[in-house]
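Protein chains: 2
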Amino acid sequence: MKKRFALPLIIAGILSAASAVAADDPYAKLKQNFQQLPAIPPIPANNTQTPEKVELGKMLYFDARLSQDGTIACATCHNPALGFTDRIPRAIGHGAQRGPRNSPTTLNAAFLSSQFWDGRAPDLETQALGPIQAGIEHGTTLDKAVATLKSFPEYQKRFADVFGGKDPVTAENLAKAIAAFERTLITPNSPFDRYLAGDEQAVTTQQKRGMKAFVEKGCAGCHSGPSFTNGGFFKIQVPGSTDEGRYTVTKKEEDKHAFRVQTLRNVALTYPYFNNGSVDKLDEAVKIMGREMLKTELTKQEVADLVAFLHSLTGEMPKFNYPVLP
Amino acid sequence: MKKRFALPLIIAGILSAASAVAADDPYAKLKQNFQQLPAIPPIPANNTQTPEKVELGKMLYFDARLSQDGTIACATCHNPALGFTDRIPRAIGHGAQRGPRNSPTTLNAAFLSSQFWDGRAPDLETQALGPIQAGIEHGTTLDKAVATLKSFPEYQKRFADVFGGKDPVTAENLAKAIAAFERTLITPNSPFDRYLAGDEQAVTTQQKRGMKAFVEKGCAGCHSGPSFTNGGFFKIQVPGSTDEGRYTVTKKEEDKHAFRVQTLRNVALTYPYFNNGSVDKLDEAVKIMGREMLKTELTKQEVADLVAFLHSLTGEMPKFNYPVLP
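Taken in order, these protein sequences are the chains called A and B. Here the working numbering runs 1 ahead of the position in the first sequence, where the first position is 1. Here the working numbering runs 1 ahead of the position in the second sequence, where the first position is 1.
All the pointers check out, no bait thrown in.
Identical copies go unnamed one by one, so any copy, or any two together, can satisfy a pair.
Dumping the calculated DMTMM-like pairs for lysine to aspartate or glutamate here, alpha-carbon to alpha-carbon at most 20 Å:
1) Lys236 to Glu254
2) Lys145 to Asp281
3) Lys320 to Glu56
4) Lys30 to Glu201
5) Lys145 to Glu155
6) Lys282 to Asp70
7) Lys151 to Asp281
8) Lys282 to Glu155
9) Lys257 to Glu293
10) Lys158 to Glu56
11) Lys32 to Asp200
12) Lys213 to Glu201
13) Lys213 to Asp200
14) Lys158 to Glu173
Simulated from the structure, these hints should not be mistaken for laboratory data.
For reference, chain A alone in the conformation it holds in the complex:
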């Protein structure tokens, strides 16, 4: 039996079978709508990424002394244990005050074309200084934050080593270091990325059906590109929200209640959803998106398939040791 065919014939047979499978695969063409998450996000020309800067940025990301009462760090609301978000509807900051919006994840934020729900910061460097100064977040000033850092000889040395210059402990360099750390918070190797890379077993049939629905229903129109957002701003009305969104930045009537398209990378980990965190469950969020953005009442099966697909976008969490702060 084993010697019935000559080897070249067997190989030819295998190859033709493989081609046949590809041709029959109803999902093969759909895949072309998607892109893998790159291992490295865009890096600005004026903020080179060095291991020492990343390490310093990690320390600062975890340093609660950059707040008025010493209890709020970046990691408080963008908590590594909770998908780099806080899993509560709206952020709770200085003095237990509750902010107006849900904390977005820091994971893959480096790929976004703007930061904050309303896109008011063009990059991670600008974003980093926002919460420090926000009364309901860190509740301090940049001058105080810089003075705090200067009070630690270890920070003085690290800033000098990383940035050089006569007075290296500045708000600008603080922002650069935090941004450099955040550019390492990338989540590669999700089941869907492995599927795009050729591994047919990496996702389930239901997840493939969800991918199909994602394209055919129109989700992929805005949730496109490697981080599943085209960076655009669109009006959306979610339960309980009166937030004027992008309008607060542009003061243009057409931006009222518009928010930037959110990344869907790791969306299974970044609940609750929407600008006010009003929706706890992913299936409910998918239904609302269908209704609000696609003017479609998705079927139960479509919702289940889409949710399964969205779960395939959970990548590997960044691994790093805790910093030991001075």
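Using the hints, position chain B against chain A.
For chain B alone, coordinates are given in the frame of chain A:
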């Protein structure tokens, strides 16, 4: 030159030189007052330490959902980035309320004979449930905390795998898992431990002088054993404190304003000091201890030597990856 002495003579010479050094070493005998930190702390017979339990305990240690508003975890006040404490005078918990006492470190707490400043918990298991129920800390109830855990299928599965039984998600098992994780928070390999193990270069001459002062001035009387505390309770009056300490537990007059002798392991990282966190600097804390407990005004040199010695008690921080919580 090389062949001037026969080999046995050279060896004899080396041995006698080594003995001479040991005999001349004024610190050799002082070392006998100290013990290295064991790699493994005492483990209670009814809470066996398994990797799965430790992993579950780590998740629970970081899980802020075990609090009323979802923002306070064990790791909030016992923060791994800040020496497993919070580096503020008195803990800030639920609703930004400030507690009455300084957060003690979780590092090496497994070696202590009682927990909390007033020793009201006999072990880590009992300790773990205190802050969850304290109105000014996690601000919730054990029933609510258990209900929260039960709402996550992943926690249900992990508790079942670790503890078995019909209803494994209980407050008792929650406490056991957290305690098991905390028993891994040991800091071996401090310079002083390496010195005790024979490495003469591991500490400086000033640190050896500090060790000498530590014994001769009397600090070692109470700060004894591998974790530098004999577990006793002693009256102490630190700046600004009206705290009745151990009295609140025993209601015995002699326990008024008494607190358990604190561990000095990693004391350079666990500032600010004392029950109300009123002292920020280690040299000031040493001076106060001299005055309050030893009735001695330590000289500037003694204080400097003691502080140098205390820095030699900083061990290696535990290394672990962040949990990814459900």
